[in-house]
Structure formats: C-alpha cells, structure tokens
Amino acid sequence: MTRSAVKLQFIANEAARKASFRKRKAGLLKKLKELHILCGIDVCALIFSEYDSKAEVWPSEKEACCVIDRLNRTPAAKRNNGALDRETFLRRSIQKTEEKLKRQKMMNQKLRMQNLVKQFSAGQIPALPDTVEELNVLLDDVALIIKELEVGRASA
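Residue numbers (the working numbering): 494 to 649.
Just so you know, these hints were derived from the structure itself, not from any lab. Computed from a predicted model, the values in this text were never measured in an experiment.
Distance condition first, Cα-Cα at most 35 Å in a straight line; then the derived DSBU-like pairs of lysine-lysine:
hint : residue 1 : residue 2
1    : K571      : K593
2    : K611      : K589
3    : K598      : K640
4    : K500      : K511
5    : K526      : K511
6    : K589      : K603
7    : K518      : K571
8    : K603      : K593
9    : K593      : K611
10   : K511      : K524
11   : K524      : K555
12   : K500      : K518
13   : K611      : K595
14   : K640      : K593
15   : K640      : K611
16   : K603      : K640
17   : K526      : K555
18   : K526      : K547
19   : K547      : K523
Using the sequences plus the hints, can you model the full thing?
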C-alpha cells in the first residue's frame, strides 16, 4: 500500500502538528547522520521550535560550533561554490544568446547563398534585394563563397 501525497500546508490541529514535527525532525536528523557517515562530510543542525524552550543542536554544541566556524572562515567565493548573482547570470545569459544569434545569422547567410547558387545553376534569375543594405549583405555573402571556393581550390 502506498502513502498518499501530503498537502504542504499548515497543520491546524496542535497535537497533529506536534506529532508531525517530532517525526519529521527525527527523519531529518537521521538523514544528517547518514550523510555524515556515508559521505564523510561535516554537518550540523540547529532546530528552534515552539515546543522546546532551548534550541536543539545536532550532533553536539561543540561539533556544531566547529562546523559553523569552518564555514565562517571559508571565503565567500568558495562558500558560494560558483553560484552567480543575478547581474552576472543575466550578463552571461545575454552573452550566450548573442553568440547563438551570431551563429544563426551566419547559418542563415550560408543557406541564402546556397539557395542563390542553386537558382543560378538552374538557370533561374533570383529577385534582387530591395534595399542597399540587403544588397550589401548579398555582396558579403558572395565574397564569402568566393573565399571558400578559393580556399577549397588551394587545398585540392
């Protein structure tokens, strides 16, 4: 028999909430112990609750203080382990998108030229560009194809 999904919402019943807290806290501490043993890492937990007047510290106050001191001595850059702030993330994202756009424009340019070459070789006369800017792009495309052909001939 499988468990039903638990709705993540505040438990209104005080006794049920307290029982759930105790079970989940025990489960959390068990997971921390397993993580410590299996992976050999230092872990600690500080648990403040309305059910205890004093905070619970795991595994002990001394060991938790050692872990927290070690964390505080670690430089922020290493502590964040490569995490990016929003500005850096957005800057990198924009840069990657611009590079992708540049590659796509190059691919489109190459495909346009291949299409023109096919039209000329089939005896068709393609429509010429409407603007000077489009004509300049076309001339650049032709120059690029000529350069590729020259490089191909030189290497053959």
